[in-house]
Structure formats: structure tokens, C-alpha cells
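Asks: Sequence:
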Amino acid sequence: MGSISSYETSAGRRYRVRYRKPDHAQTDKRGFRTKRQAGEFLSSVEVSKLRGEWVDPSRSRITVEEWAQRWYDAQLQLKATTLSGYRYTLDKHILPTWGQVRLSDIGHAEVQAWVTALSKTLAASTVRQIYLVLSGLVKYAVRDGRLSRNPCEGVQLPRVVKKHRGYLSHTQVRQLADGCGEYSDVVLFLAYTGLRCGEMAALRVGRLDMLRRRINVAEAVSPARGLLVWSTPKSHSSRSVPFPEF
Numbered sequence: 268m269g270s271i272s273s274y275e276t277s278a279g280r281r282y283r284v285r286y287r288k289p290d291h292a293q294t295d296k297r298g299f300r301t302k303r304q305a306g307e308f309l310s311s312v313e314v315s316k317l318r319g320e321w322v323d324p325s326r327s328r329i330t331v332e333e334w335a336q337r338w339y340d341a342q343l344q345l346k347a348t349t350l351s352g353y354r355y356t357l358d359k360h361i362l363p364t365w366g367q368v369r370l371s372d373i374g375h376a377e378v379q380a381w382v383t384a385l386s387k388t389l390a391a392s393t394v395r396q397i398y399l400v401l402s403g404l405v406k407y408a409v410r411d412g413r414l415s416r417n418p419c420e421g422v423q424l425p426r427v428v429k430k431h432r433g434y435l436s437h438t439q440v441r442q443l444a445d446g447c448g449e450y451s452d453v454v455l456f457l458a459y460t461g462l463r464c465g466e467m468a469a470l471r472v473g474r475l476d477m478l479r480r481r482i483n484v485a486e487a488v489s490p491a492r493g494l495l496v497w498s499t500p501k502s503h504s505s506r507s508v509p510f511p512e513f
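No gaps in the numbering here: position 220 of the sequence shown is 487 in the working numbering, and each next residue is one more.
Derived lysine-lysine pairs resembling DSS-like cross-links, with alpha carbons at most 27 Å apart:
no., residue 1, residue 2
1, K359, K429
2, K296, K406
3, K316, K406
4, K288, K302
5, K296, K316
Across the chosen pairs, the derived CB separations fall in these ranges:
no., residue 1, residue 2, range
6, K359, K429, 25 to 35 Å
7, K429, L495, 25 to 35 Å
8, E449, D411, 49 to 59 Å
No lab work stands behind these hints: they were computed from the structure.
Remember, it's a predicted structure, so these values are computed and weren't measured experimentally.
For every residue, glycine included, the Cβ atom is placed at its ideal position computed from N, Cα and C.
Could you build all of it, start to finish, from the sequences and the hints given here?
Replies: Pasting the structure below:
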């Protein structure tokens, strides 16, 4: 069990809590304005140690900006295009608000207020994507033992309303293609194969089976931070797609 002691400052009496970490090393926390606050903190420390949830406060003092970079650098399994999207989300939406905040100071209520504010100017799907990036890097801090829980959990997100999808008729596809001049073949190819633009751009002659009229979709190319990046399709697996006579 720890102990509580008082000390005098120019601003008045303050209280210090001394306690032992799970490894039995002694540490303290000071600056409590009342003995009751100090006692509540000490009780929370003892309970968290019993539950195996105690986190060394010094490990959560790192700022979100510093931790976000470590999290970003650890995403080795992701495609360059995905990482580029994460980088944009961090720089545009997360770091301006949370960059200089310590991990330990991220509160559930503050995250909820932030999400609510974003929802006033951004689409619900965009807000969800931004939220998932913040929650992901905080979850990484929990796994690393820097936080005992993820304050992003349980945040109410805006509801994504499914929009009606309209599909072009054969006549409309032909009209669109005719209106695109030299790119008419591209319009017809994409319309009747369902390939993504990056998958079409990455096609090689050897992946076209003209006898069976099938395409082996195994690669995609897309721009990422000023470069063209080759990778697997979005689903990470190849597929065979039929195509008609044009």
C-alpha cells in the first residue's frame, strides 16, 4: 500500500502519493490539491495493479504526434496507397487537433466532441475513416502497454445512409463512350468488365485470353505521393473476368 503526504508550495498546500509499481520499484505523483484527490488516485492505482491493468504513467506521456509516427512506421503490411491515405488523414484531420496532446490526456468525451464536430462538415463515411485511424493508433498504444484502455471505444459515429445506385443502360453507356472521343474504348472496357482504373492500367498482354474472352486481373497501379505504385488488386487476390465483343 502506498502513502500520502503533504507539502507546501507558493500556491498553497499540495499532496504527494508514493506507491510501488508492480515490479516493486517506488515512484510518486504529486500536485494533488486535496487529500481526497490523492486518496482516490492511490486507490485507483492499487485496483489497477490487482486487475493487471496498471500502466506506467511515464510511458503514456508521449504525444499523439510522436506516437502516430511510430504507429505509421509499423504498418509494413499495408499498400503504399493505403499508407498514403493514412498520412493524409493524420496530417489533415488528426494531428492539427491531437498532435501535441499526450496519450494519457486523450479522453472519451473529448474524442466524442471531436467526432461530432467533424460530422458537421464532412460526410459520415469520411468521419468514420478518420476516426478509425485515430482509434487504430490508440489501440496500438494499448497493445504496447502505454494505455490501459482505448478512450476511442464506444464513441458514437454518424450513421452512413446508403445512397441509391443508378446504373447506365447499354444505350447510355454507348452515348457516354461516344462523348469521350479517343477514350471511348476505355469507357466501354471499364463499363463491361467492372475493372477498376488502376487494374486496367496495370494490364499486360499476357493476361488477356482472347480465345476464351477472359482477363486475368492480378495487378493494379495507382499514384501514391507523386509516384506510380504497383501492387495486388484491392482484394489482394487475382480474379478472372469475362469480357464481351466490343
